[in-house]
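Visitor: Sequence:
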Amino acid sequence: KLEDATKSIPVKILIVVFDREEVYFAKLKGQGYEILGKIQGDVQKKEEKHISKNDFYKQITEKIQEYNKIDNLNNIILASPSFWKENLIKILPEELKKKTVLATISQVSERSFSEVLKRDELKKILEKNQGTQEVKLLDKLLQHISKNTACYGLKDTKEKIEIGAVSELMISDSYLQNTKEKGFYKEVEKLMIACEQMDGKTHIISSEEAKKSLDSLSGIAGILRWNN
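Each number in my numbering corresponds to the 1-based position in the sequence shown with 55 added.
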């Protein structure tokens, strides 16, 4: 199927769900998430709560910094009931604040990640990241066109895929829709599968700016492994 032959552009998003007593960390993965770890906070006496809270926030911050150093995160989602997330973001380093989005959840447990996946905040992050990554991909394509290491148009792209020359195939979603309406969708789907079988990557371009650029090149194009 088309979906099986398509590789999405990877986006590195850390999800942190927490309250004053515990925190869970997970990274977005495919259509779900992978839990990375958990830290248990100390529940102190009432007069000592401000001390344990600050220490706990520091622990969370250090762990976020550690994950950011490993993965160079695109975004961080801080999710908590009540006002905990607002308190934590105040002490994050500026470089992390710029990447951080806040979300409200009803309770804190491993099940909370499923709640975050349904939030509009995550949807907006994914849409924004997808648009940014796709524009970069089209810029890369244009650079390769200028170096004569790219192809575009169905005929040229098909020929290059058949000889295993395409490393990255790009198709706009509007072009795909057109193939369905005009009856040559199966032909294009076979090209996508062939590209994948030859260790190429397939990108379906759907964000407006990138799609407009690709459609101006007929809607289908590829980056080549060698000179045209």
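Since the hints were derived computationally from the structure, they do not count as laboratory data. We put the beta carbon where it would ideally sit given N, CA and C, even for glycine. Warning: the hint list may mix true and false statements.
The calculated SDA-like cross-link candidates involving lysine to any residue, where the alpha carbons are at most 25 angstroms apart (straight line), are [said to hold, decoys possible]: (1) LYS153 <-> LEU209; (2) LYS124 <-> GLY85; (3) LYS178 <-> GLY96; (4) LYS67 <-> GLY92; (5) LYS67 <-> GLN185; (6) LYS93 <-> GLN185; (7) LYS82 <-> VAL66; (8) LYS191 <-> LYS256; (9) LYS267 <-> VAL66; (10) LYS266 <-> TYR240; (11) LYS113 <-> SER161; (12) LYS213 <-> GLU236.
Quick list of simulated restraints, FRET-style, between CB atoms [as the list claims (entries may be wrong)]: (13) SER273 <-> GLN114: 49 to 55 angstroms; (14) GLU244 <-> LYS124: 36 to 42 angstroms; (15) GLU263 <-> GLU165: 34 to 40 angstroms; (16) THR116 <-> LYS173: 46 to 52 angstroms; (17) ASP194 <-> THR116: 20 to 26 angstroms; (18) ASN282 <-> ASP110: 20 to 26 angstroms.
Visitor: Please go over all the hints and tell whether each is borne out by the structure.
Guide: These are the hints, each one checked on the structure:
no.: 1; hint: LYS153 <-> LEU209; verdict: violated, 41 angstroms
no.: 2; hint: LYS124 <-> GLY85; verdict: holds, 21 angstroms
no.: 3; hint: LYS178 <-> GLY96; verdict: violated, 30 angstroms
no.: 4; hint: LYS67 <-> GLY92; verdict: holds, 16 angstroms
no.: 5; hint: LYS67 <-> GLN185; verdict: holds, 11 angstroms
no.: 6; hint: LYS93 <-> GLN185; verdict: violated, 29 angstroms
no.: 7; hint: LYS82 <-> VAL66; verdict: holds, 10 angstroms
no.: 8; hint: LYS191 <-> LYS256; verdict: holds, 15 angstroms
no.: 9; hint: LYS267 <-> VAL66; verdict: holds, 22 angstroms
no.: 10; hint: LYS266 <-> TYR240; verdict: holds, 18 angstroms
no.: 11; hint: LYS113 <-> SER161; verdict: holds, 23 angstroms
no.: 12; hint: LYS213 <-> GLU236; verdict: holds, 20 angstroms
no.: 13; hint: SER273 <-> GLN114: 49 to 55 angstroms; verdict: holds, 53 angstroms
no.: 14; hint: GLU244 <-> LYS124: 36 to 42 angstroms; verdict: holds, 41 angstroms
no.: 15; hint: GLU263 <-> GLU165: 34 to 40 angstroms; verdict: holds, 37 angstroms
no.: 16; hint: THR116 <-> LYS173: 46 to 52 angstroms; verdict: violated, 26 angstroms
no.: 17; hint: ASP194 <-> THR116: 20 to 26 angstroms; verdict: violated, 34 angstroms
no.: 18; hint: ASN282 <-> ASP110: 20 to 26 angstroms; verdict: violated, 59 angstroms
Going through the hint list in order, the structure does not satisfy hints 1, 3, 6, 16, 17 and 18.
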